[in-house]
Amino acid sequence: MEVQRLVDAYIIGLGDNTDNAELRATLVTQISGGDISLLDLVQALGEYLASEEASRRSKGVNVLSDVLADLPEEAIPAIATSKLVQFFSARLADATCVPHILTAVLALMQQPSFTGKFTTDILGALLREVHVQSFQYSTRRAAYQLVDLAIQRHPEAVAKMGDDFVLGYAQVLDGEKDPRALMLAFQIIPKIAALVDIKNNAEDLFEVLFCYFPITFKHREGDPSAISPELLKAALRSAITCSPYFGDLAIKPLIEKTTAAASSVKVDALETLAAGAHVYAPELFKAEMEVLVEQIREDVMMAADDAVVNAALGTLETIYGVLSPPTPVPNDPFSEDANMGDSSTPLDYVLKEAVFQLTADEVKNPEQIGKILRAVARSSTYNCSVVSDAVLPIIVERMSSTEVLTLRRELMDILNYVLSASCDVERKAECLEADKMNLLSIYRPETSVPLDKEYSFLHIVRLKGITLLILLPSFLNENEAAIALQTLGRAAIERNEDENVNKEATHLLIQLAQSRPEQINSSVLPLFLAALNEDMIAAHKVARLLNALGSISVAAQDTLVPVLRGLVTLVTAGRMASSHCLATIETIRKVLEAAMAANANSERNTELFAAIVSPLTEWIDGLASANQEVPPKLVVEVARAMVALFSKLEAAAQKQLLKPMFAKYEAELLSSKQSDDGICLVLPVFSAAVCACRPETQLPVESLDRFVSSLAVSALSSGSRIRRDVCLEIMASTLNKTKDTKQRSTLTQAVLQHTDGAGQGVSVVLLYQWVARALVSCNDKSGYDCVRWLLDQIKQASPHAAIAAEGFNIILGEHDWAVTPSTHGVFKVLAKQRFYSTVVPELTTGFQSTNDDSVKSNLLVVLTNAVRHMPKSVLMNGIENVVPLLLSAIRLTGGNLKAASIRTITLVVLETPETLRDEITTSIIPLAIASTTQSNAANTVDVRQAALGALSLIPEKYPYPVVHTARKDVLRALAGARDDRKRLVRQDAVKAYNKWLNLGED
Amino acid sequence: MNITQKVNDAPLVYEVVSKARGVQLSDFDDGVDDPIDSEEVYELIRNINDPEHPLTLEQLHVTNREHIYVDDGSNRVLIEFTPTIPHCSMATLIGLCIRVRLLRSLPERFKVDIKIREGTHQSETQVNKQLNDKERVAAALENTYLLDVVNQCLATAV
Chain A
1 MEVQRLVDAY IIGLGDNTDN AELRATLVTQ ISGGDISLLD LVQALGEYLA SEEASRRSKG
61 VNVLSDVLAD LPEEAIPAIA TSKLVQFFSA RLADATCVPH ILTAVLALMQ QPSFTGKFTT
121 DILGALLREV HVQSFQYSTR RAAYQLVDLA IQRHPEAVAK MGDDFVLGYA QVLDGEKDPR
181 ALMLAFQIIP KIAALVDIKN NAEDLFEVLF CYFPITFKHR EGDPSAISPE LLKAALRSAI
241 TCSPYFGDLA IKPLIEKTTA AASSVKVDAL ETLAAGAHVY APELFKAEME VLVEQIREDV
301 MMAADDAVVN AALGTLETIY GVLSPPTPVP NDPFSEDANM GDSSTPLDYV LKEAVFQLTA
361 DEVKNPEQIG KILRAVARSS TYNCSVVSDA VLPIIVERMS STEVLTLRRE LMDILNYVLS
421 ASCDVERKAE CLEADKMNLL SIYRPETSVP LDKEYSFLHI VRLKGITLLI LLPSFLNENE
481 AAIALQTLGR AAIERNEDEN VNKEATHLLI QLAQSRPEQI NSSVLPLFLA ALNEDMIAAH
541 KVARLLNALG SISVAAQDTL VPVLRGLVTL VTAGRMASSH CLATIETIRK VLEAAMAANA
601 NSERNTELFA AIVSPLTEWI DGLASANQEV PPKLVVEVAR AMVALFSKLE AAAQKQLLKP
661 MFAKYEAELL SSKQSDDGIC LVLPVFSAAV CACRPETQLP VESLDRFVSS LAVSALSSGS
721 RIRRDVCLEI MASTLNKTKD TKQRSTLTQA VLQHTDGAGQ GVSVVLLYQW VARALVSCND
781 KSGYDCVRWL LDQIKQASPH AAIAAEGFNI ILGEHDWAVT PSTHGVFKVL AKQRFYSTVV
841 PELTTGFQST NDDSVKSNLL VVLTNAVRHM PKSVLMNGIE NVVPLLLSAI RLTGGNLKAA
901 SIRTITLVVL ETPETLRDEI TTSIIPLAIA STTQSNAANT VDVRQAALGA LSLIPEKYPY
961 PVVHTARKDV LRALAGARDD RKRLVRQDAV KAYNKWLNLG ED
Chain B
1 MNITQKVNDA PLVYEVVSKA RGVQLSDFDD GVDDPIDSEE VYELIRNIND PEHPLTLEQL
61 HVTNREHIYV DDGSNRVLIE FTPTIPHCSM ATLIGLCIRV RLLRSLPERF KVDIKIREGT
121 HQSETQVNKQ LNDKERVAAA LENTYLLDVV NQCLATAV
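Just so you know, the sequences run in chain order A and B. Each residue of the first sequence is one higher than the one before, starting from 1 at the first, in UniProt numbering. Each residue of the second sequence is one higher than the one before, starting from 1 at the first, in UniProt numbering.
Honestly, I wouldn't trust all of these hints.
[Unchecked claim] List of simulated lysine-lysine pairs, BS3-like, C-alpha gap at most 30 Å:
id, chain 1, residue 1, chain 2, residue 2
1, A, K968, A, K957
2, A, K503, B, K111
3, A, K83, A, K177
4, B, K111, A, K199
5, A, K218, A, K199
6, A, K117, A, K83
7, A, K995, A, K957
8, A, K352, A, K257
9, B, K111, A, K218
10, A, K633, A, K659
11, A, K991, B, K111
12, A, K664, A, K590
13, A, K117, A, K191
14, A, K257, B, K111
15, A, K832, A, K739
16, B, K134, A, K995
17, A, K191, A, K257
18, A, K177, B, K111
19, B, K115, A, K991
20, A, K503, A, K541
21, A, K659, A, K742
For the record, the hints were derived by calculation from the structure and aren't laboratory data.
The shape of chain A in the complex, shown without the other chains:
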């Protein structure tokens, strides 16, 4: 009786809409535990299931379906499944019970005991008895799921149902409107077509299906159903194109739909036709090709929408691809396709019109004709041959008989499209060989055509054609290809009125470099190098040529070494002007960087080093040794090239290469010479190599302690600025990469001990700055000792306080090679945060405790440097402590200090405007306005400019609501500043005035 009580309570709960989860769980536990049987449950439900009242019957089935859904597999015996299927099949005629029955059947179908026969029974009853469309969405969804599950689990049973099933499903689907349900329903159709022979009912099914075409719906924001209009469209398309039986039903209406006004419908119809091309019988397409080609031609000629044009051409290509007979075997009379003998073939629809246009006095729409011809030609090798056969003789004939340049260009344009199709199908058309000489003469440079802007289109089209000839498989022989490539090369190099010709030629060469790298190396590269080697070559031409060479070498791996080697030879030959040398080395460096980023191959890198970087360093060494002029920029560029490659070498290779370098440079580095001359000039290259080492690379020195110590001594004692900087860079890099804390500490002491007796020179300050850079980045506390020493110098107003302050840029700023992430520098996380949180409070207290303006000024310089190099996230923390400092500096001081403070505030506005949101109208704008007045002696030209710079930035960085209250005052002040006695100030004032005037107009 327990079960009866539970069932009654459940039924009452259903009536009251209360949560029955607990009761359901109890029933499920008891049945699966064997306390009660499924039969007991059905008996207890008896009075409900057999009730004459529909709602009671429905509730009864509801309880049963709920419990079945939760029951484990073993709790439902096979006999029970059989009885339940019988019961449910019979009850499907009872409309009120259908929703719950479908849920229960879905649960039952998962049982292994659910056989194919049961599937047939249930599906039969569903399709026969249930009018699915009269139910709400959840029930309809369950019905589709049931069909889907039946196909998945018992395909043989479904297949046996045959026509009844197909017809029944068409009826189930008929009238469906919910996109979610349609999605399910459409997905089932291809499965049905694959399983059942739908021949007899194809028309019924298609009729129901096609009325949804073209389908679209508006996806609502926040709609949880994960379907999109695109997915639904794709599902319908695969349903329509799932069976060849739909072919004769679908093609005509789809072609009709391509005439629709809406471009989305056109695209959908065209794409569906293309999707059907491989499924429907080709003969069906043949009958409709004339109409379809006409429509597609119209769409392409109108060219109103790129999507339509692309879809139209894509469809044309696919369908012609399907219609195309296989490629005939040459000299085999039996292989000739029946079509060849027919009076007309599907290709005629395209070719007739194209031939008509090509033979007309004026070729209309050459681009569109070319595109259509290309689409057809690339569909198959056979079609490619036919199109080429038909079109080429006409073009060749007309080209030889006309001198009108515009017509020649149009014809060449069409020819290019046909040739590009030949390249795409990777087979040269038969007729091309016969017309080879004609083709070559068509694309031969026309010396009579001036190289000015008016004819640049003709030149560009010709260059494209030449590229296609080169790309045509086995068309040009080696010599001809070389001549063609040289033509392209010359077009890229020679001066044109219109730079687009140069650009296009370069672009084509880059494309060719990927497929013909060897020919580029042998035919084009010498031309470029010879052009670069010319006397009196203009800088912009050098830039253009280098750019082209750089792009070619990056695009194709095989051209990399020859290009770089060629450039290095040019540089080291010594004929180039120094500015061109610099540009060339810069290109070499950029190409190396790009090549390293694209592909890490340690063996190749070592070869590249020997072929590229070594000759460059030897060349620059030679210049320096011969006491020739060596511009510092050139040295830096060579050093950067060294970094690009050396940093990517393996540690062992680095060690190997460092040995000769140390032998050559170490003595010079540590010498006591006081002048910047000779080999000393190229020491930065050595520095770059040492700094670019991996941390695990051993330097070829006897003792690291002694090495860094002597570096420190040399840096402190040398009068040569280059030697000093190089010593400091190498020392800092070595300290930074020493992983062992103890050893690092020893090395640091070895370096700093030399500062004791060295007085307070600039070199000492620089040494502390470089040690700080090395140690702060790896969170070493000794670094902060150095920072404090520097701050003390500033606070005590020592003679080198200004240098100490500026040097915070060395500690935090970027460098080309010393202690940087790209040269394997050790950068601990939160290093910058730590620096900011340690130094900024010291700056604040230092600022507040001094009355000396020079100290305040230097502290602000430090602050500016700190702010400049901090990431935004770090700057946000604690900026509130810094801002009052800066504002008081603006209020109380004048001259450079005031200007520096305003510039720091401007920097904060630029980087993190949100941090100053509260102060902007209350403090910053009034102070900036006050700083623009020329009557106040504290407002020097620099201050007024800085203030106007800040005011000019504010409208860009803050939204209208934040700053609009200040607009009137600012405009009044700026109108006054427009009459400043200094021109520079007036210019800034005008800029700021116009920005504030337009405030809020965007």
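Guided by the hints, dock chain B onto chain A, whose structure is given.
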């Protein structure tokens, strides 16, 4: 008139010769006054965009350094501009742009006269009258459509 149809489809475009005044030490000396001169006024208006083409008045030679006369002492500025063609219907609009630019850039003490260069436009007198009539300029700037066009032309000049 059809707004999309251009009055002068293919104007002559001239290469811009940079004659930017370099920064000198005296520029930072507060003791030395820098009077406003024709070069400075030219800098203000040379980058105004033509209403028809994405080209500046300088590139079209509508404005020239030599046709700007400034007397800082007596607070007078005279600008003469040259329309690209004698029947250019944009002449008034170009003049209006120059006037608005100077209204927003020169100190308020200046009286600015804007004229079409003599003999370069068929309705020279009417346009000159219109451009130098305060009331008509003010009325033109009340028209939000016109102001938008002017602002677009001035966007490049800032």
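Starting from the hint list further up, note which numbers the structure goes against and sort them upward. As far as the earlier hints go, 2, 3, 4, 5, 9, 14 and 18 are violated by this structure, in ascending order.
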